[in-house]
Amino acid sequence: MTYFKMFPAWLTHLFSCCNSHSMPLLSERIAVKALKGFSENGLLRAIFPLQSIERGTGAVNVSSQRLIDFCSNDYLGLSGHPALEKAASGAIEKWGCGARASRLMSGDLEIHHALEEEVARLKGTEAALIFGSGYLANLGTISAIVGRDDGIFMDRLCHASMLDGALLSRAGIHRFRHNDMGHLESLLKAERGRYRRALVLAETLYSMDGDTAPVEDLIALKNRYDSMLLLDEAHAMGALGETGEGLVPRCRSREIDIQTGTFGKALGSYGAFCAVSCNLQKFFINRARSFIFSTALPPAVAGANLAAVKMLPGCNKSRGRLRRLSLWLKNAVIQRLGLETPGEYHIIPIIIGENQDTLALAGHLLKNGMLVKAVRPPTVPRSQARLRISLTANHSMEDLERLVRALDNGISKISQGV
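Taking my numbering, the leading residue of the sequence shown gets 1, the next gets one more, and so forth.
Honestly, the hints are just simulated from the structure, not real lab data.
Hints should not be assumed to be uniformly reliable.
[Stated by the list, open to error] The calculated lysine to aspartate or glutamate pairs, modelled on EDC-like cross-linking and capped at a C-alpha distance of 20 Å, are:
{"id": "1", "residue 1": "Lys282", "residue 2": "Asp257"}
{"id": "2", "residue 1": "Lys282", "residue 2": "Glu54"}
{"id": "3", "residue 1": "Lys330", "residue 2": "Asp257"}
{"id": "4", "residue 1": "Lys36", "residue 2": "Glu354"}
{"id": "5", "residue 1": "Lys189", "residue 2": "Glu242"}
{"id": "6", "residue 1": "Lys86", "residue 2": "Glu54"}
{"id": "7", "residue 1": "Lys310", "residue 2": "Asp150"}
{"id": "8", "residue 1": "Lys413", "residue 2": "Glu401"}
{"id": "9", "residue 1": "Lys317", "residue 2": "Asp357"}
{"id": "10", "residue 1": "Lys189", "residue 2": "Glu216"}
{"id": "11", "residue 1": "Lys86", "residue 2": "Glu110"}
{"id": "12", "residue 1": "Lys317", "residue 2": "Glu340"}
{"id": "13", "residue 1": "Lys310", "residue 2": "Glu126"}
{"id": "14", "residue 1": "Lys282", "residue 2": "Glu40"}
{"id": "15", "residue 1": "Lys94", "residue 2": "Asp108"}
{"id": "16", "residue 1": "Lys310", "residue 2": "Glu54"}
{"id": "17", "residue 1": "Lys189", "residue 2": "Asp164"}
{"id": "18", "residue 1": "Lys413", "residue 2": "Glu344"}
{"id": "19", "residue 1": "Lys36", "residue 2": "Glu54"}
{"id": "20", "residue 1": "Lys367", "residue 2": "Asp357"}
{"id": "21", "residue 1": "Lys310", "residue 2": "Glu40"}
{"id": "22", "residue 1": "Lys189", "residue 2": "Asp211"}
{"id": "23", "residue 1": "Lys373", "residue 2": "Glu40"}
{"id": "24", "residue 1": "Lys86", "residue 2": "Glu126"}
{"id": "25", "residue 1": "Lys373", "residue 2": "Glu340"}
{"id": "26", "residue 1": "Lys33", "residue 2": "Glu54"}
{"id": "27", "residue 1": "Lys413", "residue 2": "Glu340"}
{"id": "28", "residue 1": "Lys330", "residue 2": "Asp408"}
{"id": "29", "residue 1": "Lys310", "residue 2": "Glu117"}
{"id": "30", "residue 1": "Lys282", "residue 2": "Asp108"}
{"id": "31", "residue 1": "Lys367", "residue 2": "Glu340"}
[Claimed, not checked] Listed next, with one range per pair, are the computed distances between beta-carbon atoms:
{"id": "32", "residue 1": "Asp226", "residue 2": "Arg252", "range": "15 to 23 Å"}
{"id": "33", "residue 1": "Ser383", "residue 2": "Asn409", "range": "19 to 27 Å"}
{"id": "34", "residue 1": "Asp149", "residue 2": "Glu110", "range": "25 to 33 Å"}
{"id": "35", "residue 1": "Thr295", "residue 2": "Asp226", "range": "36 to 44 Å"}
{"id": "36", "residue 1": "Leu167", "residue 2": "Trp328", "range": "12 to 20 Å"}
{"id": "37", "residue 1": "Gly353", "residue 2": "Glu398", "range": "26 to 34 Å"}
A virtual CB, placed ideally from N, CA and C, is assigned to each residue, including glycine.
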């Protein structure tokens, strides 16, 4: 038992189901050693179930405690909208619960095509292709369009799914400083000639910093250096744009090779897409492994997605409210808390720095009835741990006032070492 005393009691519980007279499996020993390191460095993560979600309020219930949820990406509050629920149940009645197979087998349903046509219409592209998730969309499209003889030039803050797609492609990878177009151009100028093809990767609205990419500059550089451009609209889709199309203007959509986006954030459902030309859609049907070898989206999900996309042009009131809440909170963080934040829209990060301080502040907010998660490495760079505050149209001004007061109190306690 001496071996176990070096670990916290909760870690030793991992072995409770093992025979005390036998050596734990190698996988168990690896897991326990890693978990001990995570815990010591303030990097341990855990999941916990929500008991219920209050529709229309932005609140959740956890362990019988009501919490205002500032973690959700349900930016327009559509996840509980009656129109989405009705569309989901109608799709189940017509097609059943599952698509039964990949789309290249017998899982291709009419509703999938209707959804793709509606996405293409919204985004201003010739076509679209749906995937099981945003991760699968980026992984599949990037690894399909470039390979060993090609080069990828990507923003350092691109999402993990984009980096993993780049790694899977086996292309040469060059990472430019965040939103630094001068650095990107210097890399393209020096390295583009080495490669058969080049692909530039960026997000339009960055998920952890909440700032935006210079879309026009990216288009200009990709044209100047005969490159392709993929823009991830995951956090902009639905919440931004005149009709919810995101940050890429419809008039410029066909100048961008690939736009990826998700139904799992502002659209309140699940799944993802790439908006592309007709030829690229056919290409990805034949080459994107995450599309080819995945079961198609369930009918209920596709039905909810289709209803959400059709609703977006009529959601200007919710988008306007979300914008007003975002501006108020950003100003409050700067003026009342004396902090800086790179957030430009509905993602407002508060960078604390150290992991343990960030966890302490998140814990303080939890005690005060607010759910705000501490985001730590490797999701963000070292020494840039932060609280990522996500706003939705369901939040109220009272919610935001309460959040700012609790933040002010919590930051004061941390600065005083309390």
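Hint by hint, here is what the structure shows:
no.	hint	result
1	Lys282 / Asp257	14 Å, holds
2	Lys282 / Glu54	42 Å, violated
3	Lys330 / Asp257	33 Å, violated
4	Lys36 / Glu354	18 Å, holds
5	Lys189 / Glu242	35 Å, violated
6	Lys86 / Glu54	18 Å, holds
7	Lys310 / Asp150	38 Å, violated
8	Lys413 / Glu401	19 Å, holds
9	Lys317 / Asp357	38 Å, violated
10	Lys189 / Glu216	19 Å, holds
11	Lys86 / Glu110	18 Å, holds
12	Lys317 / Glu340	28 Å, violated
13	Lys310 / Glu126	17 Å, holds
14	Lys282 / Glu40	49 Å, violated
15	Lys94 / Asp108	14 Å, holds
16	Lys310 / Glu54	24 Å, violated
17	Lys189 / Asp164	25 Å, violated
18	Lys413 / Glu344	28 Å, violated
19	Lys36 / Glu54	36 Å, violated
20	Lys367 / Asp357	15 Å, holds
21	Lys310 / Glu40	48 Å, violated
22	Lys189 / Asp211	26 Å, violated
23	Lys373 / Glu40	18 Å, holds
24	Lys86 / Glu126	29 Å, violated
25	Lys373 / Glu340	18 Å, holds
26	Lys33 / Glu54	39 Å, violated
27	Lys413 / Glu340	19 Å, holds
28	Lys330 / Asp408	14 Å, holds
29	Lys310 / Glu117	11 Å, holds
30	Lys282 / Asp108	14 Å, holds
31	Lys367 / Glu340	25 Å, violated
32	Asp226 / Arg252: 15 to 23 Å	18 Å, holds
33	Ser383 / Asn409: 19 to 27 Å	24 Å, holds
34	Asp149 / Glu110: 25 to 33 Å	39 Å, violated
35	Thr295 / Asp226: 36 to 44 Å	37 Å, holds
36	Leu167 / Trp328: 12 to 20 Å	40 Å, violated
37	Gly353 / Glu398: 26 to 34 Å	30 Å, holds
Violated hints for the displayed structure, listed by number in ascending order: 2, 3, 5, 7, 9, 12, 14, 16, 17, 18, 19, 21, 22, 24, 26, 31, 34, 36.
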